[in-house]
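K.L.:
Given next are the chains, with one letter for each unit.
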Amino acid sequence: MADERITDIGPPHFEQFLPDVIKKNYGKWDYHEIIKPGVMVHVGESGDKLFTVRAASPRLLAIESIRKFCDIADKYCDGHLRWTSRNNVEFLLADESKIEPLIKEVEEYGFPVGGLGSKLSNIVHTQGWVHCHSSASDASGVVKAVMDELFPYFTGEKDLPAKMRIAYACCLNMCGAVHCSDIAILGVHTRAPAINHDDLPKMCEIPTLVASCPTGAIRPATVDGKQSVEIVEEQCMYCGNCYTVCPACTINNAETDGISIWVGGKVSNSRIAPQFSKLAIPYIPNNPPRWPETVAAVKNIVEKYAENARKHERMAEWIDRIGWPKFFELIGQDFTKYHIDDFKHAGETFKRTAQLRH
Amino acid sequence: MTEDKKASTPLLDELETGPWPSFVKEMKKEAFRPMTRDALAQLERSYEEHISHWKHGGLVGVMGYGGGVIGRYSDLADEFPAVAEFHTHRVNQPSAWFYTTDALRTLCDIWDKHGSGLTNMHGSTGDIVFLGSTTEAIEPLFADLTKAGWDLGGSGSNMRTPSCCVGPARCEWACYDTLDACYNITQHFQDELHRPFFPYKYKFKFAGCPNDCVASIARSDCSVIGVWKDDIQVDQGKVAEYNNNGTDVQTEVCDLCPTRCMAWDGKSLDIDNSNCVKCMHCINLMPKALKPGKERGATILIGSKAPIVGGALLSSVFVPFLEMDPESDYEDLKELTEAIWDLWGEHGKARERTGEFIQRVGLSNFLEEIGLDPVPEMVMHPRTNPYIFFDDEIFEDAE
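If you read the sequences in order, they're chains A and B.
In our numbering, each residue's number is its place in the first sequence (first place is 1) plus 270.
378 is the number that our numbering gives to position 392 of the second sequence; each next residue is one higher, with no gaps.
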């Protein structure tokens, strides 16, 4: 007789995965300290110490690497490790003397230790050309190229005024919190979808497709005797929602897809409220495999911020203090018509005061 | 391509150099499998042509579930037959992403047997992501996963896999047990997680304090952010120690407080807790000296999302303070959630997120329907336009 089918069990209970020092001090931690980039200690009210070593990962991991992490965690951490919300792997140790040998082994395997505090953390990102149908650019490649260049800000070799969160999304669906990041790198489509009128009637429901467009740019139409749709191109803002509901509306375009850069978002409540990132650079063409123009643009913004912001100022606070005209001047970017919002609630972004810096 | 021993990838090879870990190296580690080799070769083609070669469409999944597996197909299946089908599996992660090596090795062995050997640790919503299997492998993979105690996460128009910060497991600032709340809600709503019947997705994220390390206020329809009501706990001696050891308490702490609710006289820090907005700045700077208060719970905010379709939204306050006692089984949160789902489920349009629905029908109407009283904490400021829809009750109230 076949085994009974198991469903709806949910995830395993987390407690079985916690190291003893955590079970003992759960909810009773006293304080923590960052010992050096990528290494911190949490001290319990009991006096117990838990050391964490944080290593970068490219998010896309081979099981060979995960097994190697397991070998390392068995050797130094009694078989315990975790991941962070930004795709870093964290090794959890009770024995301080094992920190340096652990770091040596993890770094020799190709995974650098860093981040924490006023450092650059890992770039959260999406699938890109590796595994997504609607991506306007690759994700992993851009992230790799940017982080290779910004590496000293991750290791702590170069200082930052405050923490820096960069995120990357390969289209406006934003499978990552790029819309609230210090710097957001966002893949953009820039042309209306191309419609395959042969496939459309077979693959898609026309009323659903028409309803999918947030600006009402899609209308039912008869093309060469077939039921299909037409797109009012001047109304299309390339969100790709139609492509998600109908594969016959191809939004991807090798010639015109590219990358935009956004700045000054955050999610934490510290000092100023959480807020969205705002447009800095509307369009940079795709240039694989290393996207040098995108890398240079991001690096330039990071450097200008690092040189000019005050201690503890996140990107948003710095720009708020100096004003947007100065920001654009500092990064050497022209302000264009694309920087002015024209979607819902756009009026709230207009400057409605005479308080200007001259 | 499948027949070749090794994919030629001159463009991707350039991403093997440099200090940051290389995803190309990761893919090559598993490229002894024809499937992974073809994925790599197809990616090289995307790098040559500046365009994705994946197409969507085709519902795939396990029997009885409507989510958890996302269909992915190559549009170059003739050239790269081993990735003709290359589906994504979302496996529900444990709370706060803690693992033992035994558990991880079991997951690796299962994925080794059934798929590409490529993973995301983790996907944007929090799941363990297995990247790339055939359609045929879906059921056997699921059987092996469940036998080992793991289940699939969410996809499509359902409750998505909830996630949480490290919480009380390793953080002195956790104002409630994020791991327990996340586990409890995930288990309680298994049907809603696996069987899509909502207008669109619905996400939960549990953050233990207003630092919000899981970005709940930006990325979840229901953002549960830990907070306290009483006074910040202060160790004056340790404040002085920070001041003597490189932290200028006046300029770095007091002057950067958003409500200027603290004063430093060189010896002690005086906090007007009635005007503290719990921003965490002072606590972040001096973790040995300051701690959140003892009367702890969470603020419930609703409605954040990314731009598609009607524009990005941040969550906004629904319940300023909710006790999050594990003994309560989170009944209040569940009750609020079910009230929201009932209303949005009945009246929401296809692919309309909760936040967009609230914008369309109005927050006041929404609150009235789910039975929540309006409080001033819900708004940045009261309305400025006089176009008020009055009910008859205004006359009764005036009497």
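There may be inaccurate statements among the hints.
[Stated by the list, open to error] Keeping only pairs whose Cα atoms sit at most 27 Å apart, straight-line, the calculated BS3-like set for lysine-lysine is:
1. K496(A) <-> K433(A)
2. K433(A) <-> K274(B)
3. K133(B) <-> K338(A)
4. K264(B) <-> K298(A)
5. K433(A) <-> K294(A)
6. K15(B) <-> K294(A)
7. K274(B) <-> K306(A)
Keep in mind that the hints were calculated from the coordinates and are not lab data.
K.L.:
Now look at each hint and say whether the structure bears it out.
P.N.:
Taking the hints in turn, this is what the structure says about them:
1. K496(A) <-> K433(A): 56 Å, violated
2. K433(A) <-> K274(B): 20 Å, holds
3. K133(B) <-> K338(A): Between K133(B) and K338(A) the Cα gap is close to 24 Å, so the pair holds against 27 Å.
4. K264(B) <-> K298(A): 20 Å, holds
5. K433(A) <-> K294(A): Not satisfied, since the Cα-Cα distance of roughly 31 Å exceeds 27 Å.
6. K15(B) <-> K294(A): 38 Å, violated
7. K274(B) <-> K306(A): Holds, at roughly 17 Å.
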